[in-house]
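Enquirer: Sequence:
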Amino acid sequence: MEQWQNMIRESVHSVDQLVEKFNIDRKDAEDLDEFFQARINPYYLSLIRYPGDPIWLQCIPDKVELEDFDAQDDPLMEEAMSPVPNITHRYPDRALFLVTSQCGIYCRFCTRKRKVGDYEKISMKGLETAFQYLEQHTEIRDVILSGGDPLMLTDTMLEKILIRLREIKHIEIIRLGTRMPVILPHRITDKLCNMIKKYHPVYVNTHFNHPWEVTLQSSKACEMLANAGVPVGNQMVIMKGVNDDPAVVKELMQMLLKIRVRPYYMYMADETKGANHFRTSIETGLKIAEALRGHTSGLAVPHFVIDAPGGGGKIPLLPNYVLHKDEEKIILRNFQNKVYSYQNYADKNNPDGYKFNQKKKPKATKKKANKKKVPVRVYEEV
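Residue 109 in numbering that gives the first Met the number 0 sits at position 110 of the sequence shown, with consecutive numbering throughout.
Since the hints were derived computationally from the structure, they do not count as laboratory data.
One or more of the hints may lead you astray.
Estimated spans, in silico, between C-beta atoms of each pair [to be verified]:
hint	residue 1	residue 2	range
1	Y49	Q131	46 to 54 Å
2	P84	H323	46 to 54 Å
3	I314	A79	36 to 44 Å
4	D141	K219	22 to 30 Å
5	P245	I314	20 to 28 Å
6	G228	P82	28 to 36 Å
If you're wondering where the values come from, they're calculated on a predicted model, not measured in any experiment.
Virtual Cβ for every residue (Gly too), placed ideally from N, Cα, C.
Taking the hints into account, I'd like the entire structure generated from these sequences.
Expert: This is how it looks when you write it as structure tokens:
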């Protein structure tokens, strides 16, 4: 058994452990275990510095989860967009492929807690029908392996899935959605990296939420993937008490670039049962986004999105940089709140804009100097 598998076995998960280690009331611990089980592996547990810190909040059950009665189990409508077990097909050319129910920790903000940890709800028995669906739908060129966490599979099982996907000619891109580099970096081994690179292009999207998660071990794991030719992107969720501070997020994004992880998405928290205590205002999200753009490298600025309730997909949000727009110009403010004008040229989408190749009026001669001058349109800088 490999080191990472032993660490999974040594995870905190039982009601007795929750009561003993975290001083949770036994009745609350029992109710929480029934609602959404705990799993906190020794590595991630070691990152906690004090009760209620940004690491604690992400993994330690809290009775406030049980007070969230009105929220939805499936806010993104994944089940409605699941034509066969293990597949969610929301976007035209890509599909989500759930390959395991297990994770290295069970994040308390998980949007898929209705299924994660349950072998029956994300079953290996559904893999064959999922492969058949992918084979039949030739419009799908991009497949995201998720779950659970696909790196909870053994190297052998994961490779079987990659081999099968690579036999489907219209699938160009394979992505692994995994939190293992963050929460159990011991899973990233030379053996795993050497196996993955046989099936390129393979991308990894991981999930750092706080600078304290960028450790020597997690940095090494991400760099091993990058050295194996695997581009690594990060998807972060804005959460109250974890990272709802522009300075914290900016620090995280800059740290990620140093370990060759590209900030990819920054999400508003989903409307998920048991997790709404994490949600912040949209204004907080916009404030964080504005504190990044222009104030640090563009490489460190992720797409800020809401994954729309009801299955609408990811919708981008931006602070309001456009002050005015018409056929002739757009008035913009920059990150320093200075204002600029940009001339709007004519084309098929804006026939009334400025025409670059319009003929200039001939200059008046001396003999016609007394005639009324032809007015010239002036575009002023603001």
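Enquirer: Could you say whether the range 28 to 36 Å given as a hint is met by the Cβ separation of G228 and P82?
Expert: holds, 32 Å
Enquirer: Quick check: does the Cβ-Cβ distance between Y49 and Q131 fall within 46 to 54 Å?
Expert: For Y49 and Q131 the Cβ distance comes to about 50 Å; the hint holds.
Enquirer: Is 36 to 44 Å right for how far apart the beta carbons of I314 and A79 are?
Expert: violated, 18 Å
Enquirer: For the hint 20 to 28 Å, verify it against the beta carbon of P245 and that of I314.
Expert: Given about 22 Å between the Cβ atoms, the range holds.
Enquirer: That 46 to 54 Å hint for P84 and H323 (C-beta), does it hold up?
Expert: Roughly 51 Å apart at Cβ, these two residues keep to the hinted range, so it holds.
Enquirer: Verify the CB-CB distance for D141 and K219 against the hinted window 22 to 30 Å.
Expert: holds, 28 Å
In summary, the structure is inconsistent with hint 3 from the numbered list given earlier, while agreeing with all the others.
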